[in-house]
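**Q** Could you put the whole structure together from the sequences, leaning on the hints where they help?
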Amino acid sequence: MNRLTICAAVATIFASAVPGVAQISLTGAGATFPEPIYTKWFQEYRKVRSDVQINYQGIGSGGGIRGVTEGTVDFGASDGPMSDEQLKAFHDKRGFGVLHFPTVLGAVVPVYNIAGVSAELDFTPEALSGIFLGKITKWDDPAIAKANPKVKLPSADIIVVHRSDASGTTYVWCDYLSKVSDEWKTRVGKSTAVNWPVGLGGSKNEGVAGQVKQSTNSIGYVELIYAMQNKMTFGRVRNSSGTFLKADLASVTAAAAGVEMPDDFRVSITNASGKSAYPIASFTWLLIPEQIEDKQKLAVITGFLKWMLGPGQKLTSALEYAPLPKPVVAKEEKAIAKVHGK
Amino acid sequence: MLSPRRKIVNALMLSLTGVCTVFIVGVLFIILGYLFWNGARYLSIDFFTKLPVPIGESGGGMANAIVGSGKLLLLATLIGVPFGFLGGVYLAEFGTGPFPSMVRYMTDLLNGVPSIVIGIFAYSVLVRPMHHFSTLAGGLALGVMMVPIALRTTEEFLRGVPQSLREGAMALGASKARTIATVVIPAAFKGILSGMLLDLARVAGETAPLLFTSLGNNFWSSGWDKPTAALPVMIYQYATSPYDDWHRQAWAAGFVLLALVLAVNVVARLVLARASHAA
Amino acid sequence: MSSAPITLSRSRSIAARFRAGDEFAYTLTLVCAASIFLVTCLLVYQLWIGANLSRHQFGWDFIFTSTWDPAREIYGAVPFMFGTVVTATVALFISVPIGLGAAIFLSEMALPSISDTLTFLIELLAAVPSVIYGLLGIFLLVPVLEKTVVPLLKSTLGFLPIFSGAFYGVSLFSASIVLSIMIVPFIISVSREVLLAVPVDQREAALSLGATKWETTSQVVVPYAKRGIYGSIFLALARALGETMAVTMVVGNVPKVQASLLAPGDSIASVIANQFTEATSDLYVSALIELGLVLFAITIIINGLARLLILTTGAKVAK
Numbered sequence: 001m002n003r004l005t006i007c008a009a010v011a012t013i014f015a016s017a018v019p020g021v022a023q024i025s026l027t028g029a030g031a032t033f034p035e036p037i038y039t040k041w042f043q044e045y046r047k048v049r050s051d052v053q054i055n056y057q058g059i060g061s062g063g064g065i066r067g068v069t070e071g072t073v074d075f076g077a078s079d080g081p082m083s084d085e086q087l088k089a090f091h092d093k094r095g096f097g098v099l100h101f102p103t104v105l106g107a108v109v110p111v112y113n114i115a116g117v118s119a120e121l122d123f124t125p126e127a128l129s130g131i132f133l134g135k136i137t138k139w140d141d142p143a144i145a146k147a148n149p150k151v152k153l154p155s156a157d158i159i160v161v162h163r164s165d166a167s168g169t170t171y172v173w174c175d176y177l178s179k180v181s182d183e184w185k186t187r188v189g190k191s192t193a194v195n196w197p198v199g200l201g202g203s204k205n206e207g208v209a210g211q212v213k214q215s216t217n218s219i220g221y222v223e224l225i226y227a228m229q230n231k232m233t234f235g236r237v238r239n240s241s242g243t244f245l246k247a248d249l250a251s252v253t254a255a256a257a258g259v260e261m262p263d264d265f266r267v268s269i270t271n272a273s274g275k276s277a278y279p280i281a282s283f284t285w286l287l288i289p290e291q292i293e294d295k296q297k298l299a300v301i302t303g304f305l306k307w308m309l310g311p312g313q314k315l316t317s318a319l320e321y322a323p324l325p326k327p328v329v330a331k332e333e334k335a336i337a338k339v340h341g342k
Numbered sequence: 001m002l003s004p005r006r007k008i009v010n011a012l013m014l015s016l017t018g019v020c021t022v023f024i025v026g027v028l029f030i031i032l033g034y035l036f037w038n039g040a041r042y043l044s045i046d047f048f049t050k051l052p053v054p055i056g057e058s059g060g061g062m063a064n065a066i067v068g069s070g071k072l073l074l075l076a077t078l079i080g081v082p083f084g085f086l087g088g089v090y091l092a093e094f095g096t097g098p099f100p101s102m103v104r105y106m107t108d109l110l111n112g113v114p115s116i117v118i119g120i121f122a123y124s125v126l127v128r129p130m131h132h133f134s135t136l137a138g139g140l141a142l143g144v145m146m147v148p149i150a151l152r153t154t155e156e157f158l159r160g161v162p163q164s165l166r167e168g169a170m171a172l173g174a175s176k177a178r179t180i181a182t183v184v185i186p187a188a189f190k191g192i193l194s195g196m197l198l199d200l201a202r203v204a205g206e207t208a209p210l211l212f213t214s215l216g217n218n219f220w221s222s223g224w225d226k227p228t229a230a231l232p233v234m235i236y237q238y239a240t241s242p243y244d245d246w247h248r249q250a251w252a253a254g255f256v257l258l259a260l261v262l263a264v265n266v267v268a269r270l271v272l273a274r275a276s277h278a279a
Numbered sequence: 001m002s003s004a005p006i007t008l009s010r011s012r013s014i015a016a017r018f019r020a021g022d023e024f025a026y027t028l029t030l031v032c033a034a035s036i037f038l039v040t041c042l043l044v045y046q047l048w049i050g051a052n053l054s055r056h057q058f059g060w061d062f063i064f065t066s067t068w069d070p071a072r073e074i075y076g077a078v079p080f081m082f083g084t085v086v087t088a089t090v091a092l093f094i095s096v097p098i099g100l101g102a103a104i105f106l107s108e109m110a111l112p113s114i115s116d117t118l119t120f121l122i123e124l125l126a127a128v129p130s131v132i133y134g135l136l137g138i139f140l141l142v143p144v145l146e147k148t149v150v151p152l153l154k155s156t157l158g159f160l161p162i163f164s165g166a167f168y169g170v171s172l173f174s175a176s177i178v179l180s181i182m183i184v185p186f187i188i189s190v191s192r193e194v195l196l197a198v199p200v201d202q203r204e205a206a207l208s209l210g211a212t213k214w215e216t217t218s219q220v221v222v223p224y225a226k227r228g229i230y231g232s233i234f235l236a237l238a239r240a241l242g243e244t245m246a247v248t249m250v251v252g253n254v255p256k257v258q259a260s261l262l263a264p265g266d267s268i269a270s271v272i273a274n275q276f277t278e279a280t281s282d283l284y285v286s287a288l289i290e291l292g293l294v295l296f297a298i299t300i301i302i303n304g305l306a307r308l309l310i311l312t313t314g315a316k317v318a319k
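Protein chains in written order, with my numbering: chain A, 1 to 342; chain B, 1 to 279; chain C, 1 to 319.
Please keep in mind that the hints were generated in silico from the structure rather than gathered at the bench.
Worth double-checking, as some hints may not be accurate.
[Said to hold, decoys possible] Over 10 angstroms on every C-beta distance to chain A, these chain C residues come out as not near it, computed from the model:
no.: 1; residue: G59
no.: 2; residue: L140
no.: 3; residue: V142
no.: 4; residue: P199
no.: 5; residue: V200
no.: 6; residue: A206
no.: 7; residue: V220
no.: 8; residue: Y230
no.: 9; residue: I302
[As the list claims (entries may be wrong)] Below, in silico cross-link-like pairs of lysine-lysine (DSSO-like), each with a Cα-Cα straight-line distance of 30 angstroms or less:
no.: 10; chain 1: C; residue 1: K154; chain 2: A; residue 2: K213
no.: 11; chain 1: A; residue 1: K47; chain 2: A; residue 2: K146
no.: 12; chain 1: A; residue 1: K185; chain 2: C; residue 2: K256
no.: 13; chain 1: A; residue 1: K275; chain 2: A; residue 2: K146
no.: 14; chain 1: A; residue 1: K135; chain 2: C; residue 2: K147
no.: 15; chain 1: C; residue 1: K256; chain 2: A; residue 2: K213
no.: 16; chain 1: C; residue 1: K256; chain 2: A; residue 2: K179
no.: 17; chain 1: B; residue 1: K7; chain 2: C; residue 2: K147
no.: 18; chain 1: A; residue 1: K138; chain 2: C; residue 2: K256
no.: 19; chain 1: A; residue 1: K47; chain 2: A; residue 2: K314
no.: 20; chain 1: C; residue 1: K256; chain 2: A; residue 2: K135
no.: 21; chain 1: B; residue 1: K50; chain 2: A; residue 2: K297
no.: 22; chain 1: B; residue 1: K50; chain 2: A; residue 2: K314
no.: 23; chain 1: A; residue 1: K47; chain 2: B; residue 2: K7
no.: 24; chain 1: A; residue 1: K185; chain 2: A; residue 2: K138
no.: 25; chain 1: A; residue 1: K246; chain 2: A; residue 2: K213
no.: 26; chain 1: A; residue 1: K185; chain 2: A; residue 2: K135
no.: 27; chain 1: C; residue 1: K154; chain 2: A; residue 2: K138
no.: 28; chain 1: A; residue 1: K138; chain 2: C; residue 2: K147
no.: 29; chain 1: A; residue 1: K331; chain 2: A; residue 2: K93
no.: 30; chain 1: A; residue 1: K275; chain 2: A; residue 2: K185
no.: 31; chain 1: A; residue 1: K331; chain 2: A; residue 2: K88
no.: 32; chain 1: A; residue 1: K231; chain 2: C; residue 2: K147
no.: 33; chain 1: A; residue 1: K231; chain 2: B; residue 2: K50
no.: 34; chain 1: C; residue 1: K147; chain 2: A; residue 2: K152
no.: 35; chain 1: A; residue 1: K306; chain 2: A; residue 2: K342
no.: 36; chain 1: A; residue 1: K135; chain 2: C; residue 2: K226
no.: 37; chain 1: A; residue 1: K326; chain 2: A; residue 2: K338
no.: 38; chain 1: A; residue 1: K297; chain 2: A; residue 2: K331
no.: 39; chain 1: C; residue 1: K213; chain 2: B; residue 2: K7
no.: 40; chain 1: A; residue 1: K326; chain 2: A; residue 2: K246
In this text, a Cβ means the ideal position worked out from N, Cα and C, and glycines have one as well.
**A** Rendered as structure tokens:
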């Protein structure tokens, strides 16, 4: 066999490394928050349509918004809804709008690593905002100690850990802190990335979790599932009714229950009212362009959305995501029709 | 006569240089050993044949990342080597005057550009207009990174060929082009080749430019216009995760990547060694 | 008759030259060299227009502002310029003495076979991917620093402001150490080459005058090879300034200028890597691209200084 044949063979192998059925490939990118459930869903969906490959990369909510706006990905995903400016920018760039589809509910929890403390701590809104503002600097500060009379907190400096990259998880955390602390609202604000008053940065949920695990007497915030997967100790947070709640499926769904859902599905459920509502919860959304030129991709996306609202919702609890409340599902099913071809 | 002080200083400083060397070599062995211990242990057939699985599930592998890296490096070589090589020939054989000096200066600047900026460049030039992430964009970014070192290596080794060889050929009636092609380049060939291999090895480990160009892929990537997984990117994603299984895979991937790079280096050295024996 | 030397190619007709392939070779290689030139210009141009929004918004204030606030859309390059320059400088402080020492050992002291083998091994350090350096930084270096090195440092030199404050593992110091290991192979490899190229008679002359080996090396050989050694340092510096992955994993990612090396910081390459794909607003992206432009400018300045140094010290680079 001469060299040319070998080269041709190698080239062919490289160029077509996929066996079997011709694949329709879609690429989505965005939030890391729902990455576990999305990758699970896209894998499961291949059982429904074996010719569809949906590649999802968790590069962060901001990346998802930018990607779908610039059209470098087929759909985006974000933990925070797009702002009015971002919606306008999308419309200006593409000539049509973008739709938000809530997929699951998640929660953000305070994780900590304190020497000698293995109990679940109770955090008041004042404690959390004070710590992250840098005003509460020691673990045995009365603001923290008062809510935890039975725990022996060390007189050690608090090491704050936050996200170094822009993310929807940060958005949810800051959205909550803005609602419970005027000083946070004016001094820092809410966004996918903020100018943190104090703390070390970790890249993505993984980075924050890792940094907290590695630094004694530290506190950070991660999405619920990462805390559970990593068996991290996380605290309870006091909600607007005065109850200290631990994040779990029930308390998260309770947060979504009392909310009036607008037509465009962009709503914040942090610090929700309700006795059993966990205060730092959020929807997470898929960002779908209103107009999809490619007929095959349009069929895949609308088909997937329908599946996601049906069988998909049944897979959420196993991965610690709260499913959507039924009225929201019904409303979304009607909204799928808004996605059209050219 | 030699004063005791000078003797002591002499002995002291010379042994310090030895200490420096031992220190550096020691660091290298720690790195290699750590990788071997943590990575080689967890290598399995799965690693080389399976696709990644969702977080939390076990049994996945990095087969697509290995192939992806292969495709990206193939493309990088096809772009970087010809331009670097021929540019180096230009500078070495035709290179006097303001323009060649400018090219040399620009190439040095390009060499200093951080890989992340090259990634941004490839994003604006390929990803945004094409409206998708792709292997092509990743290969282009890596290829651009290869050019400066390929060019420098070629120029240096060509310059190292004695002028007498060129003059001898021309005296025999060969044209300049023929001289270069049949006399000068072959004389410098082994050195150039080893330089190219080292260049390729360095680029194989680059992550930053791939983040904005080839993105990543959980599946096989066919053709050249789709996002693709790559070893360095997978290492980065897995290593910064809290999942133990992913950590193990990251070390294994690191070991595999390093083994490949070492293999390339060894080949380059052997080739060079044989060349200098033949010379 | 003519005073200029007549080359074979010039004495032929154009057709003959073309047939011989000279013009073809010249054109082909020229095109390649020109493409490289053009691509670099295109790169700078892309950076320039990408940074437009940010430049018009902030003007020169960009390189004087120390706030990096994406929520309020205020961007300033100072903390990152600081982190980049500091980590690169400290890395040089660590790697140059050690690298030069090792290069001297390998060129002056070691037997040729040992020298070759060891150099081969050391050059392998340059081939280790950046990501792996970051990994090893997190898993190996940071714990060692936390448990052994930094307490030692603080107990002896803790009064210095650069070693003050708490140490959380990730810091400018950790990033500098990782960088120094990454760049030392360049210094060793190139310096060793130029030291070996110093003519033997230089050494013999010094020795015959009664100098010790060390005196010969430090006062004759090394100064002779000065230019090449400087070259190796600038090569290493260029890599250190642009190094991304390894730095971002151990630097702490805090955009603040602080006096202590033990504090977390950030560098230009690191922040671009962390925030580029996640930046949403156009101004945010533009500010990050402008950071890339700033880094490019820093590199040009360093290159310029290198050339100036080589020019002003007169003699040609020892090869």
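**Q** Any hints from earlier that this structure breaks? Give me their numbers in increasing order, please.
**A** 3, 11, 17, 23, 36
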